[in-house]
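**Student:** As a plain string of letters, each chain reads:
There are 2 protein chains.
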Amino acid sequence: MAEPTPAPGTLIEDLETPVVTVDLDVMAGNIRKMQAYCDEHGLKFRPHVKTHKIPKIAAMQLEAGARGITCQKLGEAEIFAEAGCDDIFIPYNLLGAPKLKRLMALTHLARMSVAADSATTVQGLSDAAAAAGREVSVLIECDTGAGRTGVQTPEQALELARLIDRSPGLRFGGLMVFPTQPESTPAFLEATLGLLAKAGLEAETVSGGGTPQTWRTHEVPQLTEHRAGTYVYNDTNTMAAGTATLAECAMRVQMTVASHPTEDRAILDGGSKTLSADRLLWRDPFYGTVVEYPDAAIYAYSEEHANVDLSRCTSKPVVGERVTVIPNHCCTVSNLHNHILGVREGRVETVWPVAARGLVR
Amino acid sequence: MAEPTPAPGTLIEDLETPVVTVDLDVMAGNIRKMQAYCDEHGLKFRPHVKTHKIPKIAAMQLEAGARGITCQKLGEAEIFAEAGCDDIFIPYNLLGAPKLKRLMALTHLARMSVAADSATTVQGLSDAAAAAGREVSVLIECDTGAGRTGVQTPEQALELARLIDRSPGLRFGGLMVFPTQPESTPAFLEATLGLLAKAGLEAETVSGGGTPQTWRTHEVPQLTEHRAGTYVYNDTNTMAAGTATLAECAMRVQMTVASHPTEDRAILDGGSKTLSADRLLWRDPFYGTVVEYPDAAIYAYSEEHANVDLSRCTSKPVVGERVTVIPNHCCTVSNLHNHILGVREGRVETVWPVAARGLVR
Numbered sequence: 001m002a003e004p005t006p007a008p009g010t011l012i013e014d015l016e017t018p019v020v021t022v023d024l025d026v027m028a029g030n031i032r033k034m035q036a037y038c039d040e041h042g043l044k045f046r047p048h049v050k051t052h053k054i055p056k057i058a059a060m061q062l063e064a065g066a067r068g069i070t071c072q073k074l075g076e077a078e079i080f081a082e083a084g085c086d087d088i089f090i091p092y093n094l095l096g097a098p099k100l101k102r103l104m105a106l107t108h109l110a111r112m113s114v115a116a117d118s119a120t121t122v123q124g125l126s127d128a129a130a131a132a133g134r135e136v137s138v139l140i141e142c143d144t145g146a147g148r149t150g151v152q153t154p155e156q157a158l159e160l161a162r163l164i165d166r167s168p169g170l171r172f173g174g175l176m177v178f179p180t181q182p183e184s185t186p187a188f189l190e191a192t193l194g195l196l197a198k199a200g201l202e203a204e205t206v207s208g209g210g211t212p213q214t215w216r217t218h219e220v221p222q223l224t225e226h227r228a229g230t231y232v233y234n235d236t237n238t239m240a241a242g243t244a245t246l247a248e249c250a251m252r253v254q255m256t257v258a259s260h261p262t263e264d265r266a267i268l269d270g271g272s273k274t275l276s277a278d279r280l281l282w283r284d285p286f287y288g289t290v291v292e293y294p295d296a297a298i299y300a301y302s303e304e305h306a307n308v309d310l311s312r313c314t315s316k317p318v319v320g321e322r323v324t325v326i327p328n329h330c331c332t333v334s335n336l337h338n339h340i341l342g343v344r345e346g347r348v349e350t351v352w353p354v355a356a357r358g359l360v361r
Numbered sequence: 001m002a003e004p005t006p007a008p009g010t011l012i013e014d015l016e017t018p019v020v021t022v023d024l025d026v027m028a029g030n031i032r033k034m035q036a037y038c039d040e041h042g043l044k045f046r047p048h049v050k051t052h053k054i055p056k057i058a059a060m061q062l063e064a065g066a067r068g069i070t071c072q073k074l075g076e077a078e079i080f081a082e083a084g085c086d087d088i089f090i091p092y093n094l095l096g097a098p099k100l101k102r103l104m105a106l107t108h109l110a111r112m113s114v115a116a117d118s119a120t121t122v123q124g125l126s127d128a129a130a131a132a133g134r135e136v137s138v139l140i141e142c143d144t145g146a147g148r149t150g151v152q153t154p155e156q157a158l159e160l161a162r163l164i165d166r167s168p169g170l171r172f173g174g175l176m177v178f179p180t181q182p183e184s185t186p187a188f189l190e191a192t193l194g195l196l197a198k199a200g201l202e203a204e205t206v207s208g209g210g211t212p213q214t215w216r217t218h219e220v221p222q223l224t225e226h227r228a229g230t231y232v233y234n235d236t237n238t239m240a241a242g243t244a245t246l247a248e249c250a251m252r253v254q255m256t257v258a259s260h261p262t263e264d265r266a267i268l269d270g271g272s273k274t275l276s277a278d279r280l281l282w283r284d285p286f287y288g289t290v291v292e293y294p295d296a297a298i299y300a301y302s303e304e305h306a307n308v309d310l311s312r313c314t315s316k317p318v319v320g321e322r323v324t325v326i327p328n329h330c331c332t333v334s335n336l337h338n339h340i341l342g343v344r345e346g347r348v349e350t351v352w353p354v355a356a357r358g359l360v361r
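Chains as they are written, first to last, in my numbering: chain V, 1 to 361; chain Z, 1 to 361.
Bear in mind the hints are in silico, worked out from the structure with no lab data behind them. Beta carbons: idealized from backbone N, C-alpha and C, even for Gly. Some hints here could point you the wrong way.
[Unchecked claim] Chain V is nowhere near these chain Z residues, computed Cβ spacing over 12 Å in every case:
#1 Val20
#2 Gly68
#3 Glu76
#4 Glu190
#5 Gly194
#6 Thr245
#7 Ala247
#8 Asp278
#9 Asp295
[Claimed, not checked] Have a look at the derived ranges for each label pair, beta carbon to beta carbon:
#10 V:Glu349 <-> Z:Thr5: 55 to 61 Å
#11 V:Tyr299 <-> Z:Ala199: 32 to 38 Å
#12 V:Glu345 <-> Z:Glu345: 57 to 63 Å
[Unchecked claim] Some residues of chain V that are not near chain Z, with every Cβ distance over 10 Å (derived):
#13 Gly75
#14 Ala131
#15 Pro186
So here's chain V without its partners, still in its complex pose (with noise of 0.2 Å):
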């Protein structure tokens, strides 16, 4: 007994809720801009498709220019491949013998090229293609100031473009970065691509990322590519980061206000498992913006409920209104729903599957 999906035509307002929803013309708005920066500034985009999870929007964003993807697991570049998306990047450090044989599986579908920030990474993925016979472009990950994976420094990323440019079934095929950091990224890069000029590596591409740095990547001279996923949706973190307009936030999910305990707190019919629990990168501790009643605050959520500060609004909502929130976190949200509603005009157009959520390997 799964949950119903409704009929095409349905409005927006008369769906059950929790649900949602993806405004198709804005979503259309999005792919054409990021796409036209890009092309301005001499940038080979490839978006990250962790955030939509669904192989008809990646045929939009290739349709509109974009030159291949970025999947960040291999379950997902499994479903994208079998999609037909030739051009796959795994910025990810793949190990272990079950994972590098699906990656040479995948081989036989797509253009595969994956990051790597350590030797034991570099060994595994030579030792798999060379047993496989196929070839695989391998990118070095910088750290340029985000403290997460990557290369601490130039003269580490040196040593291992030399172990991969000598590694059988492996090519070099340049650097990557997340996120694109315009301050700090720069002179990394700069000093990393003086090194390999030196020593006869080329680094065919250089890829930054991330949606919130967006329109700044231009300032990064070194970059051949930008990957970002969130700005197809875009979300209260975008928002926050001045990224994004309320009216370029194409995911809404519509929800219900299920109690109003005190004339200050509502609580809306969904929490961590509808909406993540993924903070508000620049404002803690908000967890997304409630559409009709812009000073109402969540600031608190459990599984199932979203606790509401109504002491700031001039008008409170009552119990059984509908309210959009606009989550902090797109990608996260994506990733708990098995189904997300494209909307256009205020009516359902078409149903999506979200095809590789709950692929975490």
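Given chain V's structure and the hints, the job is docking chain Z onto it.
**Tutor:** Coordinates of chain Z only, in the frame set by chain V:
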């Protein structure tokens, strides 16, 4: 091309990561211990299936002595009613025609009870039940200090009980609280039960809930029933609350060190899409326990990365090494995975689809 599930008999250390395992012996012990506590104190036990969302585990809980189950959403209740659970409580304000229609359909499969904290909710339930010629039991949710849903005073509870009692299609089922708070809950319940008795209204059930408070439930003498979900798997939160030991944590996430970019930082191969972004309630901001490296601290997440601080560790893991993580909150982890692997003595014994995952309405 869905991700393959491992064959029974596979060793845990041969599983591709990240993957969620549940130790069947540990889980069975957790089920026995909880039931024994409730039996000892004369409490009816009604496990909350939102934690596991797997009908086979509900069957084990019922077999051990539980009387009925708790579901948080209609989507869960539909799955469990179809699987044969015939006594289901949904502690939630159900609103709107589509949901009320589904609730009435469920009354043909199971004895249904729900919660309400407003006249709006009661009116909707009554209209739907009367129109369908069905009867539903309604418990009044009382906010005894948690600050989420629930009536705020015993007088409000009495008023709502009178409304339920005179509403066609409804039966006044009693009171419920979440979570049980041994300090503040008894006074609220005593006052409310006093008012109800004077008005000639009997609270058949007085239901409390929450795993962290479990072993103090008997300190609230008014309760006739206990609800808990997390106890079946346990997690870092229940350990931090002192409710469970490490040995009682049945759910473990098998992970791999994907990167080790600095001496003191390692990155595991899953983040908020694998472990959820739920925070630790008592000792922010850590995001899970690394069993093999108890001095390691998961201090940040992104979607597919967990950042681990190793500065307090005397020995440190290497890239490619496998580690076992006990997540902060097992309920939101279940909700991210299509399958859970039941393991015993280090080997996979069963593969359970998380049947009610993703049913957000």
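**Student:** Now tell me, hint by hint, if it's right for this structure.
**Tutor:** Status of the hints after comparison with the structure:
no., hint, in the structure
1, Val20, "violated, 9 Å"
2, Gly68, "holds, 19 Å"
3, Glu76, "violated, 10 Å"
4, Glu190, "holds, 21 Å"
5, Gly194, "holds, 22 Å"
6, Thr245, "holds, 24 Å"
7, Ala247, "holds, 26 Å"
8, Asp278, "violated, 5 Å"
9, Asp295, "holds, 20 Å"
10, V:Glu349 <-> Z:Thr5: 55 to 61 Å, "violated, 35 Å"
11, V:Tyr299 <-> Z:Ala199: 32 to 38 Å, "holds, 36 Å"
12, V:Glu345 <-> Z:Glu345: 57 to 63 Å, "holds, 59 Å"
13, Gly75, "violated, 5 Å"
14, Ala131, "holds, 17 Å"
15, Pro186, "holds, 20 Å"
Checked against the numbered hints listed earlier, the structure breaks hints 1, 3, 8, 10 and 13; every other hint is satisfied.
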